[in-house]
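Enquirer: From first to last, the protein sequence lines are chains A and B.
Just so we're aligned, residue 1 is where the first sequence starts under the working numbering, counting upward by one.
Just so we're aligned, residue 1 is where the second sequence starts under the working numbering, counting upward by one.
Don't take every hint at face value.
To be verified - Quick list of in silico lysine-lysine cross-link-like pairs, PhoX-like style, CA-CA up to 20 Å:
| id | chain 1 | residue 1 | chain 2 | residue 2 |
| --- | --- | --- | --- | --- |
| 1 | B | Lys6 | B | Lys159 |
| 2 | B | Lys146 | B | Lys111 |
| 3 | A | Lys53 | A | Lys168 |
| 4 | B | Lys159 | A | Lys48 |
| 5 | A | Lys48 | B | Lys6 |
| 6 | A | Lys338 | A | Lys239 |
| 7 | B | Lys43 | B | Lys31 |
| 8 | B | Lys9 | B | Lys50 |
| 9 | B | Lys150 | A | Lys48 |
| 10 | A | Lys26 | B | Lys9 |
| 11 | A | Lys74 | B | Lys48 |
| 12 | B | Lys48 | B | Lys9 |
| 13 | A | Lys53 | B | Lys159 |
| 14 | A | Lys247 | A | Lys319 |
| 15 | A | Lys412 | A | Lys110 |
| 16 | A | Lys156 | B | Lys31 |
| 17 | B | Lys9 | A | Lys28 |
| 18 | A | Lys26 | B | Lys159 |
| 19 | B | Lys48 | B | Lys6 |
| 20 | A | Lys26 | B | Lys31 |
| 21 | B | Lys31 | B | Lys48 |
| 22 | A | Lys28 | A | Lys239 |
| 23 | A | Lys417 | A | Lys269 |
| 24 | A | Lys269 | A | Lys412 |
Said to hold, decoys possible - Non-contacting residues of chain B with respect to chain A, defined by C-beta distances greater than 10 Å in every case (computed):
| id | residue |
| --- | --- |
| 25 | Lys31 |
| 26 | Asn60 |
| 27 | Pro71 |
| 28 | Gly125 |
Simulated from the structure, these hints should not be mistaken for laboratory data.
These figures come from a predicted structure and were not determined experimentally.
We put the CB at the ideal spot given by N, CA and C, even for glycine.
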Amino acid sequence: MGMTMSQKILAAHAGLDHVEAGQLIKAKLDMVLGNDVTTPVAVNEFRKAGFDKVFDKEKISLVMDHFTPNKDIKAAGQCKLCREFAGEQDILHYYDVGQMGIEHALLPEKGIIAAGELCIGADSHTCTYGALGAFSTGVGSTDMAAGMATGEAWFKVPSAIQFRLTGKLSPWVSGKDVILHIIGMIGVDGALYKSMEFTGPGVKNLTMDDRLCIANMAIEAGGKNGIFPVDEVTVEYMKDRVNREYKVYEADPDAEYDEVYDIDLSTIKSTVAFPHLPENTRTIDEVGDVPIDQVVIGSCTNGRLSDLEAAAAVFQGKKVAKGVRAIVIPATQDIYMKAMEMGLLRTFIEAGCIVSTPTCGPCLGGHMGILAEGERAVATTNRNFVGRMGHPNSEVYLASPAIAAASAIAGKISDVKDVL
Amino acid sequence: MNAHGKVHKYGDNVDTDVIIPARYLNTADHKELAAHCMEDIDKDFVNKVKPGDIMVARENFGCGSSREHAPIAIKESGIACVIAATFARIFYRNAINIGLPILECPEAAEKIQNGDEVDIDFDTGIIRNITRNETYKAQPFPEFIKDIMKSGGLLNSLKK
Numbered sequence: 001m002g003m004t005m006s007q008k009i010l011a012a013h014a015g016l017d018h019v020e021a022g023q024l025i026k027a028k029l030d031m032v033l034g035n036d037v038t039t040p041v042a043v044n045e046f047r048k049a050g051f052d053k054v055f056d057k058e059k060i061s062l063v064m065d066h067f068t069p070n071k072d073i074k075a076a077g078q079c080k081l082c083r084e085f086a087g088e089q090d091i092l093h094y095y096d097v098g099q100m101g102i103e104h105a106l107l108p109e110k111g112i113i114a115a116g117e118l119c120i121g122a123d124s125h126t127c128t129y130g131a132l133g134a135f136s137t138g139v140g141s142t143d144m145a146a147g148m149a150t151g152e153a154w155f156k157v158p159s160a161i162q163f164r165l166t167g168k169l170s171p172w173v174s175g176k177d178v179i180l181h182i183i184g185m186i187g188v189d190g191a192l193y194k195s196m197e198f199t200g201p202g203v204k205n206l207t208m209d210d211r212l213c214i215a216n217m218a219i220e221a222g223g224k225n226g227i228f229p230v231d232e233v234t235v236e237y238m239k240d241r242v243n244r245e246y247k248v249y250e251a252d253p254d255a256e257y258d259e260v261y262d263i264d265l266s267t268i269k270s271t272v273a274f275p276h277l278p279e280n281t282r283t284i285d286e287v288g289d290v291p292i293d294q295v296v297i298g299s300c301t302n303g304r305l306s307d308l309e310a311a312a313a314v315f316q317g318k319k320v321a322k323g324v325r326a327i328v329i330p331a332t333q334d335i336y337m338k339a340m341e342m343g344l345l346r347t348f349i350e351a352g353c354i355v356s357t358p359t360c361g362p363c364l365g366g367h368m369g370i371l372a373e374g375e376r377a378v379a380t381t382n383r384n385f386v387g388r389m390g391h392p393n394s395e396v397y398l399a400s401p402a403i404a405a406a407s408a409i410a411g412k413i414s415d416v417k418d419v420l
Numbered sequence: 001m002n003a004h005g006k007v008h009k010y011g012d013n014v015d016t017d018v019i020i021p022a023r024y025l026n027t028a029d030h031k032e033l034a035a036h037c038m039e040d041i042d043k044d045f046v047n048k049v050k051p052g053d054i055m056v057a058r059e060n061f062g063c064g065s066s067r068e069h070a071p072i073a074i075k076e077s078g079i080a081c082v083i084a085a086t087f088a089r090i091f092y093r094n095a096i097n098i099g100l101p102i103l104e105c106p107e108a109a110e111k112i113q114n115g116d117e118v119d120i121d122f123d124t125g126i127i128r129n130i131t132r133n134e135t136y137k138a139q140p141f142p143e144f145i146k147d148i149m150k151s152g153g154l155l156n157s158l159k160k
């Protein structure tokens with residue numbers, strides 16, 4: 001029986017010709033990632049177990065992005081611990097305030113992950129890099145510590161669900177709407193323990209930013225990883241970023257999938273996930289009257305340049321509604337700079353938005369836009385769990401940057417056509 | 001190895017944001033994390049829980065963030081075992097890696113009610129509900145995972 005794309009990457013890194021779903025393997029890692037929340041726990045475990053040297057100082061990335069710039073004294077202490085560990089171990093890819101961005105936007109941008117590579121990260125959205133044709137998955141801090149110490153991790157080889165994409169997205173519809181549509185269809189545990197493999201002629205019509213967004217939220221369907229085939233778009237994206245050899249893997253023609261879904265991209269509408277689960281989706285025409293207090297445009301899901309471009313195109317010449325706070329967070333310094341050069345930041349500020357330095361910030365209720373009791377936000381982030389952005393009785397509605405911008409202008413969840 | 005205690009029961013999709021809200025992730029101190037365990041879903045949990053108690057939930061327990069702070073907070077609060085119909089995969093790994101016993105058992109997850117007294121034999125996977133006089137059988141761990149648990153967690157198993 002043939003292997004899926006994910007299985008082929010795992011097999012190659014385990015030194016095996018063939019693996020099967022359910023098999024337990026040990027595999028060599030190309031990259032181990034942590035952030036300012038998960039790394040301190042990993043460093044404590046690493047030291048407690050008596051390790052004193054990381055396996056390869058060039059294959060570890062530490063990104064200070066969650067509570068930075070340090071939101072309080074305790075967060076400052078956590079970053080200090082990471083900074084000292086990075087210094088002591090001479091970690092090559094250590095990114096602190098000034099160089100950092102949101103980890104899952106930063107690593108692909110800097111060419112730290114390439115097609116065919118195997119990456120674990122102590123952050124659930126590590127699955128983002130599947131957009132590049134890599135196998136990458138989120139783990140906890142102890143797995144990160146073991147990965148830093150040995151360069152290996154154990155995996156249970158996943159089975160897969162195939163999503164065959166055809167057609168082309170309509171104007172103002174993006175990768176965010178595709179993945180929200182899929183999560184609405186299969187549920188938050190619809191891909192539990194499984195790979196989500198995206199294939200078909202529609203893939204070529206998705207930009208790299210769309211693919212990164214779709215793979216990013218595989219975890220929101222319970223998926224172990226999300227993965228795209230490598231095509232011209234991928235090669236073009238990696239061209240000036242990745243300066244090492246990489247390998248392209250393809251699923252075998254006779255690979256078996258637990259389920260196959262056919263999705264015509266042209267039929268997907270702008271989609272909003274209602275509280276308190278990403279699976280509670282409604283298309284924009286079914287939303288009804290939902291007044292809002294805050295809008296957040298940013299995060300590892302939707303803080304990339306094309307996301308800011310889409311939002312700015314909606315905000316152009318318009319004003320944020322009275323009583324709404326609109327927060328725009330470019331995901332990396334490079335995106336921030338480009339958005340400035342393109343005049344997007346001016347558009348945001350003239351519209352009445354604020355623009356923040358890169359941070360995960362409000363996405364996980366850390367800082368930079370916490371909700372009070374009873375408040376509602378439309379966010380381009382990835383989770384709308386109870387208390388995710390602040391008070392346990394606040395609400396988060398997940399949407400695309402275009403819908404978030406339109407909602408900020410209207411003061412309630414709105415379609416782009418209602419404000420243009 | 002056995003566990004015996006009173007059950008704290010929850011529903012589907014208990015996510016790691018309600019197990020330990022991100023506003024408390026500015027520390028890695030186990031006791032501080034445990035002091036806020038389940039706060040956004042069950043404010044009184046930290047006052048009710050006694051060492052050795054059992055947590056039971058339905059589908060997809062521990063979904064969401066990869067924060068290991070979640071199983072750490074549960075373990076440090078005194079919970080001896082989590083039983084669920086299914087677990088989210090990162091939580092499942094994390095629990096094993098830090099030595100928090102967890103069992104997948106859809107029947108137990110359905111039938112056990114809040115406040116029931118339950119006895120668990122980890123070697124056989126037998127769960128006895130003393131309050132309702134019922135017995136359920138959980139999937140035992142594969143050998144590979146048993147080895148990690150026996151060593152007292154993943155890193156200890158690597159040192160050998």
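Enquirer: Would you mind marking each hint as holding or not holding in the structure?
Expert: Each hint tested on the structure:
| no. | hint | in the structure |
| --- | --- | --- |
| 1 | Lys6(B) to Lys159(B) | 36 Å, violated |
| 2 | Lys146(B) to Lys111(B) | 26 Å, violated |
| 3 | Lys53(A) to Lys168(A) | 49 Å, violated |
| 4 | Lys159(B) to Lys48(A) | 11 Å, holds |
| 5 | Lys48(A) to Lys6(B) | 33 Å, violated |
| 6 | Lys338(A) to Lys239(A) | 19 Å, holds |
| 7 | Lys43(B) to Lys31(B) | 17 Å, holds |
| 8 | Lys9(B) to Lys50(B) | 14 Å, holds |
| 9 | Lys150(B) to Lys48(A) | 18 Å, holds |
| 10 | Lys26(A) to Lys9(B) | 35 Å, violated |
| 11 | Lys74(A) to Lys48(B) | 28 Å, violated |
| 12 | Lys48(B) to Lys9(B) | 12 Å, holds |
| 13 | Lys53(A) to Lys159(B) | 14 Å, holds |
| 14 | Lys247(A) to Lys319(A) | 48 Å, violated |
| 15 | Lys412(A) to Lys110(A) | 37 Å, violated |
| 16 | Lys156(A) to Lys31(B) | 32 Å, violated |
| 17 | Lys9(B) to Lys28(A) | 39 Å, violated |
| 18 | Lys26(A) to Lys159(B) | 16 Å, holds |
| 19 | Lys48(B) to Lys6(B) | 10 Å, holds |
| 20 | Lys26(A) to Lys31(B) | 33 Å, violated |
| 21 | Lys31(B) to Lys48(B) | 16 Å, holds |
| 22 | Lys28(A) to Lys239(A) | 25 Å, violated |
| 23 | Lys417(A) to Lys269(A) | 13 Å, holds |
| 24 | Lys269(A) to Lys412(A) | 18 Å, holds |
| 25 | Lys31 | 14 Å, holds |
| 26 | Asn60 | 4 Å, violated |
| 27 | Pro71 | 8 Å, violated |
| 28 | Gly125 | 19 Å, holds |
Of the numbered hints listed earlier, those contradicted by the structure are 1, 2, 3, 5, 10, 11, 14, 15, 16, 17, 20, 22, 26, 27.
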